[in-house]
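Use these hints to put chains V, C and X onto chain W, whose structure you have.
Protein chains: 4
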Amino acid sequence: MTTVLLNISGSIFQTTFETLEKIPSTKLSFLKQDFSVKSSPASFYFDRNPDVFNYILDLYRTGELHFPSNICGATIRNELEFWEIDKCYLSECCLKAFYKHESDMSILKEIKNLEKYKVLDVPIEECRKGCWRNCIWKTVQYPASSRRASLFNIFYLLVVVLSTSLLFLNTLPDLRRPKSDHFNETSAVEKEHIYTKTTAAPPVFYVDLFCGIFFTLEYITRIVVTPIKWRKFFCTSLNIVDGVAILSFWVLCSLIIHQPDFIDDKAFSYVIMILYSARLLQLCRFYRFLNRFKSFDVINLAVRASICQFGILIAVFILSNLFFGYLIYYVEFEDKNSFNNAFIGVWWAVVTMTTVGYGDVVPTCYLGRVVGMVCALTGILILAMPVAIVTSNFTIYYNKLKEYTNHKHKKERKNETRFNLKKAKENGSVSPVSVLTVETIVSHTHHQNGSKS
Amino acid sequence: MTTVLLNISGSIFQTTFETLEKIPSTKLSFLKQDFSVKSSPASFYFDRNPDVFNYILDLYRTGELHFPSNICGATIRNELEFWEIDKCYLSECCLKAFYKHESDMSILKEIKNLEKYKVLDVPIEECRKGCWRNCIWKTVQYPASSRRASLFNIFYLLVVVLSTSLLFLNTLPDLRRPKSDHFNETSAVEKEHIYTKTTAAPPVFYVDLFCGIFFTLEYITRIVVTPIKWRKFFCTSLNIVDGVAILSFWVLCSLIIHQPDFIDDKAFSYVIMILYSARLLQLCRFYRFLNRFKSFDVINLAVRASICQFGILIAVFILSNLFFGYLIYYVEFEDKNSFNNAFIGVWWAVVTMTTVGYGDVVPTCYLGRVVGMVCALTGILILAMPVAIVTSNFTIYYNKLKEYTNHKHKKERKNETRFNLKKAKENGSVSPVSVLTVETIVSHTHHQNGSKS
Amino acid sequence: MTTVLLNISGSIFQTTFETLEKIPSTKLSFLKQDFSVKSSPASFYFDRNPDVFNYILDLYRTGELHFPSNICGATIRNELEFWEIDKCYLSECCLKAFYKHESDMSILKEIKNLEKYKVLDVPIEECRKGCWRNCIWKTVQYPASSRRASLFNIFYLLVVVLSTSLLFLNTLPDLRRPKSDHFNETSAVEKEHIYTKTTAAPPVFYVDLFCGIFFTLEYITRIVVTPIKWRKFFCTSLNIVDGVAILSFWVLCSLIIHQPDFIDDKAFSYVIMILYSARLLQLCRFYRFLNRFKSFDVINLAVRASICQFGILIAVFILSNLFFGYLIYYVEFEDKNSFNNAFIGVWWAVVTMTTVGYGDVVPTCYLGRVVGMVCALTGILILAMPVAIVTSNFTIYYNKLKEYTNHKHKKERKNETRFNLKKAKENGSVSPVSVLTVETIVSHTHHQNGSKS
Amino acid sequence: MTTVLLNISGSIFQTTFETLEKIPSTKLSFLKQDFSVKSSPASFYFDRNPDVFNYILDLYRTGELHFPSNICGATIRNELEFWEIDKCYLSECCLKAFYKHESDMSILKEIKNLEKYKVLDVPIEECRKGCWRNCIWKTVQYPASSRRASLFNIFYLLVVVLSTSLLFLNTLPDLRRPKSDHFNETSAVEKEHIYTKTTAAPPVFYVDLFCGIFFTLEYITRIVVTPIKWRKFFCTSLNIVDGVAILSFWVLCSLIIHQPDFIDDKAFSYVIMILYSARLLQLCRFYRFLNRFKSFDVINLAVRASICQFGILIAVFILSNLFFGYLIYYVEFEDKNSFNNAFIGVWWAVVTMTTVGYGDVVPTCYLGRVVGMVCALTGILILAMPVAIVTSNFTIYYNKLKEYTNHKHKKERKNETRFNLKKAKENGSVSPVSVLTVETIVSHTHHQNGSKS
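Chains as they are written, first to last, in this note's numbering: chain W, 110 to 562; chain V, 110 to 562; chain C, 110 to 562; chain X, 110 to 562.
Only true hints are included.
When chains are identical, the list treats them as one kind, so a pair holds in a single copy or across two.
Below 25 Å or equal to it, Euclidean Cα-Cα: the simulated DSS-like pairs (lysine-lysine) are:
1. Lys403 / Lys209
2. Lys300 / Lys375
3. Lys136 / Lys196
4. Lys209 / Lys511
5. Lys196 / Lys221
6. Lys445 / Lys375
7. Lys517 / Lys209
8. Lys221 / Lys511
9. Lys511 / Lys403
Because the hints were derived from the structure by calculation, they are not lab data.
If we strip away everything but chain W, and leave its shape as in the complex, we get (with noise of 0.2 Å):
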C-alpha cells in the first residue's frame, strides 16, 4: 500500500492508491500511472476546493458519493467535471441539493425571459428614427416615459373603467327607453326583449359612442405608428382581442341604429346577446396596467408552471365529478322533484366538491346524503392539491424574483460601492509584520532545503 500526498490548494490529504483505483476510469484512478517514479510517497498538487474534496475522496474511501446539502449544485459539478467522476455515483440522497440547483436555474431563466419580452416589446432604437411617430407611440405604449405619457395613460385607464361601467349600466332596465315603433306599449318589458323593444337611454348611449370613439381612434393611431411590422403587431393577442372589441361595437351600433328586417326579434337578440358579450373582451385593457406589477407577472408565472399538474387534477375533477353525478342520480331516483337526470346530479356534484352549496338540488334520502358527505370531502382534498401547488409556486417564483430585481438594483449601484485598494492598502490592512509571519512558518522551511539542495 503506497501512501499517496495529494496536495489540494495547500490542504493535505493522506491516502493510498489502493484507495484511488476503487473507483475505475477517473482522474485520481490514473494518478498511479503517472507516478512511474518509485520515490515514495507519493505527491501531487492540484488546485481545486479541499472543502469539497473531502467529500469527493470519501467515494473512494466508502463507495458512496455523498454531498453535504448547503453546498450549491453548480460547485459539487464543477468538482465533478474536474475530477471526471460521473454524476451516476451520487448517492441517491443527496439528489436534491444537486437538481435543485438545475430548478433553480431554470426558474430564473423564464423570469429574465419575462423581462427580455418586456424589453423587446419595446423596440426603443427604432423608436429613435422617426420623430412625430416615435413620439405619439411612446406616449401611447410607455407611462413611464414622459409627462405627457402617464397622463394620457391615466386618462386612458378612466375612459377603460367609463365604458366597462356603462356596458354593466346597459343592463338594468330602468336606463333604457322603449323603442319608438313600441311605445304605445306597457313600459314593463320582459327581459328577453330587452333589445328588440328598448334602447340605451341618450345619456349612457352617447357616453358609450364617445368612447367607442376614442378606443378605435386611439387604436388607428397606434397601428399608423407603430415601428414594429404590422404582420407581428397583429399577431399580439392583446391587439386581436382590443380588435374584435372594437369591431363588435361598431357592428352593434349599427345594428341598433338600424334594425334589418332579413332577422326576426328572436334571433337578432341572439346577435345581439353575442356581440355585447365580445364587447367584453375590452376587459383585456386593464391587462396593460396590471402588467406593470411584478406580482402579476409571479401568478402568470406560477400558473404557467403549474399547468400540466392542473390538468391532471382537473382531469381527476371531472371524473370524480361524473362518478358522484351519475350515483346521486340512481341513489334519488325515488325522488320526483330534484337529480331529473344525470347532469342536474354532475351540476350538484360540481357545487358539492366546490364547497358552493347553493341548495338548488339537494339529496333528501340517507343514502344520498352519505354520498353527499364523501363527496364533500372528496371535493376538498381533490381541490386542495391544485391549490398547494400553485401556492408553493407562487411562493417560489416570487422570492426569486425578489431575490434577482434585488441583485439587478445592487449590480446598477456596484462602481459606488467598489473598494480603492490603494487606499486600503495604506490603512495597513496587508500588513508586513504578517507577511514576516508566513514566511517564518511555511517558506522557511524552503529556504532551508534550498541551502541544502
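Using the frame of chain W, we list chains V, C and X on its own:
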C-alpha cells in the same frame, strides 16, 4: 495526560488519551491499548472524512454528539459505524438529518417500486415468443410501442368518451321513447317509471350497442392474446372492474329487450338501476390514460402515504358530526319543520363542517346559531389538517420524483459526457510544475528523514 | 503586534493579541495576561472544535458573531460557554439556528411528557400487588395486555357503537310508540310532544337498557378494582364524563317509566331533552380507542400549542362578525323580510365569513352585496391564519414524533448492531502501515527535536 | 507560474499568481504588484475566515462565485468587502442566502419599530413631571403599571362589552317601546319605522346613557391629563374614532329625546341609522386590549407586508368577477326570474368564487352551469394565493418575533450566566501541558530556525 495525534486522512487532530477514554467501548477508546510503546506523542492514521470526524471528536470532548444539519444521514451513519459509536449517543436535537435520510430513501423506494411495477406490467421478454398474439397484445396494451398502437388507443379513448356520454344522455327523458305496450299513455313519464315505461331512443341504443360490442371484443381479445397467466390476469382490479361493466351491459341489454314476467315493475326498475350504476364502473377505463402521467402517480402515492392520518381525522370528523348533529336536534327542539330527527342534525353538521351550506336545514333559534358557528369553525380546523397532510405529502413525492427522473435521464446519457482522461492530461490540468511544488513542501521532509535514518 | 498561534485540537490558527483583545472579558482576551514570558510567537492549545472556532474568531476579527445555519444550536451553546462569550454578541440574523434548537427541545419534551403520562396512567408495579383485582383492571384498561383484554375491548367498542346508534335511532318518530294514556290519539305526533306522548319501541328500549347496565357494571368494576386512589380516579375528566353519562341514563330511565305528577308536559319535555343531551357525553368513550393512535396525540398537541393564537384570531373573527353584522342591519334597513335585528346580521356574517352560505338571510340591495363581498373576503383571510397555524404546528409535532419513535426503536435494538471491536481490528481497519505513515509525517519531527534537545 | 502561499489565519492555501490575476482589480489580483522581490514562493498572511476563503478562491479557480447556503449573508458580505470582490460576481443560484439575510434584517427592523412605537406611545419621562395628572394618565393608559390601573382597565373592558351588547339589543323590536304620540297604534311596528315610532325601553336607555357618560368622562380625562401635545393626541386614529363614537352618541341622544320638526320621518330614520352605524366605531375600543398580545402585532405586520400583492389579487379577483358576472347574464338570458341585470351576475360571481354559495341566484341552463363550474374553480385558485401570501408572511413574522423576544429576555439575564474567568482558569481548562504540546509542534520549528539564522 498523554497527547495523541490523530492523522485523519492528512488532517491532524491533537487530543489526549484521557479525552478518548470518556466514551468507552468505541474504536477511539481502545486506541490506548494498542499503544503499548511508551514513545510520546502517540500517533494514529485513519483514512476517514476529517470534516465529520471533528463532530465525532466533540462527543469525546463534551459528551454530546451533534452533527451539522447539512451532512447527509448516510455519511453520518458510515462514520458512526466506522468509529463504532452507537446511534443512541446521537443528541435528540440532531435526529432530523439522520432520520430524514431514512424517510427520503423509503420514499424513493416507493417511487422505484411504482416504476418497477409498471415495467413488470409489460413483460417484454414473454412478448417476443409468439408472433401475431404479441403483436395484438402490444397494440392493445402499449400505446407507445408503435404508430398502430397509438392510433388504436386514441380510438379506444374516443369510444370510452362516447360510451360515457351515452350513459349520461340515456337519463334524459327527452331522449327516451315510450315502450310499445305503453304507446297510448301520455308522453310525460315520471322519473321512477322511466325504465319500465320508456326505452332508449333507437340511435342512442344502437350506438350504445356498438360501444358494448367493441369493449367486449377488446376484452376477449386481451384475454386470448395475454402473455400473462389467466389467474393473474383476472386478479388485476382493473380487469375485474372492466369485466363487471361488460357483464352488466349485456344483462341490461337482454332485460331491456325482453322484460321477464316473473318480476314486477318496481323490482324491475331497481334491477335496471343497479345494472346501470354498475356500468358506471367503465369510468375506470380512463385510468389507463391518466396512469401514463407522472403527476397522477404522485397523487396516488401522496394519498396512500396519508391514509392512516386520514383515518384518524375522518374518525374525529365523524365524532364531531355526531356530537353537533345530536346537539342541534335538541337545541332546535321547538322548531317543528326542520331537524325532525338526529340524523338530519348529522346531515346539517356535515353540510356545515365542510362549509358546503346548502341551506335545506338551517338553525333558527339563537342558541342553534351559536352551535352552528362553533360547528363551522370546528369543521374548518378539522378539515384543514388532512388537507395539509396530503398537500405536504404531495409536495414531497412530487419533488423526489422530479429529482429521480432527472437523475435517471442523466445516467442514460453518461457515456456522452464522460471525460477522456488522456485528452485532459494533454491539456495540462495535472501540471508538472504543480507536482514539483507539492514535493518541495511535504515529501522533501521525508527525503530528509529518509537520508537520516 | 505579537503573533499568537492557537492550536485548536490540532488545527493552527494564527492571529495577534491586538485582535484577541477587541472583545474584552472573554477567555481569549485574557490570554495575553497568561503569556508573561516574552518568547514570540505565543502558542496555546485548546481541545475544542476547530470548525466552530473559526466563526468565534470571526467575532474578534470583524466584531460580529455569525454562525453557519447548519451547526446545531447545542454545539454553538457549548462553544460560547467554553470561550466565555456572552449570547448577546450573537448577531440578530443568526438567532434562528440558536433558538430553533431550544424550541425543538421543548417540543420533544412535550412529546415525552405525553408518553410519560400514558405510562403513568398504567401503574404496572401497583398492578402486581393484588391478584384478581389487577387481573380485571388490566383486562378492562389495557387492550394490549392479553388476548382476553383485547377481546373485552372489542366487545366494549361494539357496545359503544350500538349504544350511540340507539341514541340516534331513538329520535326517529317511526321507532316510537304512543304512550298507553294517549293510545286513542292520532298516530302523527308533533316533534315537541315526542317525549310526553310517545315512548321508545320495546326492542330499542331493552337493547338500550342492556347497554346502560353494561356500562354501569363496567364503571362500578373499574371503581372497585382500580389501583389508583379514588380521589385521583374521580378527578380524571374521562371518568367524570363517563359517570355523568351513566347517571343521566338512569335518571332518564326512571323518568320515562314513571312520569311524575308534579311536573307539567312542557317542563318534563325539557328535562328529558337535557338528560338525553347529557347522554351524548358517552361519545367520549371513543376517546379511549382514538388515544391509542399517535396521529391523535399529534392533533392534540398541535391544537394545544396553537391555543393562544387561536384566542386572538377568534377575537378578531368575532369583532369582524359584530362589525359586519351590525353594518348589514343598517345597510339592509329597507328590507322588511330579512335582517330583522342586528343578531340576524351577525348570524349572516358568521355564515358568510366561514363561506358556509346557507342562504337563509341574504343581502338584497346593491350596497348590502358589496358589504357581503368584503365580508366573505375578510372571513377567508382571517380563517386562513388559524388554519395555517394549526397546520404548521401539526407538521412540526408530527415530524418530531416520527423521528423520536424511530430513534427509540433503534435504541432498543442497539445491542444487536454494536460492533465487536476485536473482530474489526483483526480485519485490519487500524492498519500498522497507516500508523507508520502518520509517524513519518508528524511525530518524526518530534524525534528529531528530541534528539536535538 | 509562480507559486503563492496564502496564510489565511493559520490555514495555508497554495495557488499561483496566474490564477489570482484572473479576476482583475481585487485585493488578491494586486498581490503580484506588492511582491516585487523575486524570492519564491511568495507568501502572504491575512487574518480572515479560512472556511469562507475557500469559496472566494473558487472564484479565481473556476470563475464562478458560489457560497454554501448555510453561511450567513452578513459573513459573506464582510468577506466580499475585505477581498474587494464586487457583489456582481456572485452566482445567480447563490443569491438566496445573500438576500435572505437582508430580508430577515428588514423584518427584524419592522418588529423593533413596532416595539419602539409602543414605547414612544408611553412617554415615561414626561410622565414623571406632573403628579396627579401622570398618576391618572398611567391608570387610564397602562394597565400593567399598577393594581389600580389593571382594575380600572378591567372595568373599562366590561363597560365596552356592556355598551356593545346594548347596541345590538337596541335593534330587537321586543325591547323597544312605542313613542308617546304613537301610543294608540298597533304594537307591531315595521322595521323601517322602528326609529320614528318606537324608542328604546327605559332600562336599556338608562344603562346606555351611563355607558355614554362613562366614555365621555374617560375621553375628557384623557385629553386633560395627556402628557402628549394635543395636536399629536388628536392625530392618533384611535382617538379620532373614539371621539366620533362619543359625538354620535350625544347627537343621537338629543335627537331621540326631541325629534325636530324640520325633518320628516323618512329622513329622520336615515339620520338615526347613520348615527347608530357611527356608534359601531366603538368596537375599536377592543383594539386597546388586543394590542397587548404579540400574535395581534404579528397579524398586523403580516397583513401590512402583503398589502401590495393583495392589491393585485383583489384586482384580478374583481376583473374575474366582472367577466363571469357579465358572461352569466348573457348565458342565462332566457331565464326571466334571475340574473335580471349584469350586476346580479357579478353578485352571483362573487358568491360563487368565494364558495359562499347562498343560492339566491343560481344558473339554470346547462351552459350557465358550465360557466358556474369554471367560475368556482377560478375563484378557489385566485383566493388560494392571497391566503398563501398572508399565511407565509404570518409564519415568517411569528417565528422572527419569537426568536427576537427569546433573545431579548436572554440578554437581560446575561449577567447571571456570565462565567468568571479566574475561577475557570483555576479549574485548569487552559492546561499547561496543552500549551507545551503546541510549542513542540509549531513554535519549535521557529526556535530551530531562530537558532540557525
